[in-house]
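Asks: What follows is each chain in one-letter form.
Protein chains: 2
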Amino acid sequence: MIKIQLTNRQHIIIDIVKKHQPITGEQIAEKLNVTRATLRPDLAILTMSGILEARPKVGYFYTGKSPLSLVEDYIKSIKVKDIKSLPVVVEESTSVYDAIVTLFLKDVGTIFVQDGGFLTGAVSRKDFLKIAIGNTDIYKVPVGIIMTRMPNIVTTYDDEPVYNAAVKIIEHEVDSLPVVEPVVGSDGKQGYKVTGRISKTNITKLFVKLGEG
Amino acid sequence: MIKIQLTNRQHIIIDIVKKHQPITGEQIAEKLNVTRATLRPDLAILTMSGILEARPKVGYFYTGKSPLSLVEDYIKSIKVKDIKSLPVVVEESTSVYDAIVTLFLKDVGTIFVQDGGFLTGAVSRKDFLKIAIGNTDIYKVPVGIIMTRMPNIVTTYDDEPVYNAAVKIIEHEVDSLPVVEPVVGSDGKQGYKVTGRISKTNITKLFVKLGEG
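If you read the protein sequences in the order shown, they are chains A and B. First residue of the first sequence? That's 17 in the numbering used here, and the numbers climb one at a time after it. First residue of the second sequence? That's 17 in the numbering used here, and the numbers climb one at a time after it.
Treat the hints as calculated values from the structure; they're not laboratory data. Be aware that one or more of the hints could be misleading.
A pair holds if it fits inside one copy or across any two, identical chains being indistinguishable in the list.
[To be verified] For lysine to aspartate or glutamate, the following EDC-like pairs were computed, each having C-alpha atoms within a straight-line distance of at most 16 Å: (1) K221 - E42; (2) K122 - E189; (3) K142 - D123; (4) K221 - E187; (5) K73 - E42; (6) K225 - E187; (7) K146 - D123; (8) K221 - E189; (9) K221 - E197; (10) K184 - E228; (11) K92 - D175; (12) K225 - E197.
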């Protein structure tokens, strides 16, 4: 896949075809006051890109396809599993203080919380800061009390495009998403197991990689 | 901008040019057993996309640009001023508690600190959390005491490519950079004025925009 900046003449050709379709190469050349041979590369580029369609013995048509960017297709081909990080997970019974210590030790922005192997909640740096300046006894209160609880947690999965995960992060104003897999407990209870995390840091790193080529 | 899927023949032409550069259009045509006229559209596409370079009276060269390096060029063309947000700035004398309240009210991850109109420091959510669980009296201690102080702050500027700002964010492990402008005080003192901020959120939003096309 390559991308090309269209020339002025190519834009004019598109406009001519839009107005006069079907129109032959000779007729376009005439309108532009150039030879058919001069236009050959322009028409090749416009048909190869799918903007114009050439029908033998009829002429050129405008396909109505909007010029797409390569960047777009490439970005949508990258999957969550390609860039996810390891999750940091604590049990619901962990004290808020110990959860904050874990946050610092692992240097993450959000901690996920589980109970019986199932994802049950999430706590961000912002949530912890709000609790820390309040009147909560952070040494005694378990993280399960202050966390955002399922189903109010936005999740992603291995095969989701990173683009979709980034949209969720922006729309729901969170720093990080747990990457999850559905699991069924021995009692038949359904839920999610956390297998990774995708944060704004992962996406910023991916942006740097795209810029490096 | 349009996108084009390269044909097999175009890939073969790239390989021929890589091996035999500089090589004329006639020589390429000979190797492929076709006429020079047949190749004209292919060579036009390859030079317009920047993959090959044509030097008059010398021949074609391979520029070393791959289709992906075009994504690279595009990303590097976006400037900090194109996507920066408004900065949130407090005075050095502001209490830690009031600075945290400002952080929540403005919903930002990092606060910048100024003194006499000059940038003097920065405090992140992580810094505040560390202070909040310690023994500091957050109502009395001013933010100037606990902030990271200049010159230990990584900055960016309006005309810097966002790519470079993203590299700084990742390498220095910070969430946000102040966008600065050099200023000279009335006493001749030199420093920086904060005119904006670039965070991982801005870069994630840019990533989403790139994916939207």
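Asks: Against each hint, give a clear statement of whether it holds in the structure.
Replies: Okay, the hints, checked on the actual structure:
Taking the closest pair of Cα atoms, K221 and E42 never come within 16 Å of each other, the shortest separation being 48 Å inside a single copy and 45 Å across copies. Proximity of K122 and E189 under a CA criterion of 16 Å is satisfied inter-copy only: 13 Å between copies versus 22 Å inside one chain copy. Within a single copy, K142 and D123 get their C-alpha atoms as close as 14 Å, and across copies as close as 9 Å, so both meet the 16 Å cut-off. For the identical chains of this complex, K221 and E187 are inter-copy neighbours only, at 10 Å across copies versus 20 Å inside a copy, given an alpha-carbon limit of 16 Å.
Taking the closest pair of Cα atoms, K73 and E42 come within 16 Å of each other only inside a single copy of the chain (12 Å); across copies the shortest separation is 30 Å, beyond that limit. For the identical chains of this complex, K225 and E187 are inter-copy neighbours only, at 13 Å across copies versus 24 Å inside a copy, given an alpha-carbon limit of 16 Å. With identical chains, the CA atoms of K146 and D123 are at most 16 Å apart between copies only, with a shortest distance of 12 Å across copies and 19 Å within one. In this homomeric assembly, K221 and E189 come within 16 Å of each other (Cα to Cα) only across copies, at 11 Å, whereas the closest approach inside a single copy is 19 Å.
Taking the shortest Cα distances, K221 and E197 never come within 16 Å of each other, neither inside one copy (24 Å) nor across copies (26 Å). Taking the shortest Cα distances, K184 and E228 sit within 16 Å of each other only across copies (14 Å), while inside one copy they are farther apart (25 Å). Within a single copy, K92 and D175 get their C-alpha atoms as close as 11 Å, which meets the 16 Å cut-off; across copies the closest is 28 Å, which misses it. Taking identical chains as interchangeable, the C-alpha atoms of K225 and E197 are never at most 16 Å apart, the minima being 27 Å within one chain and 28 Å between chains.
The structure fails to meet hints 1, 9 and 12 from the earlier list, while all remaining hints are met.
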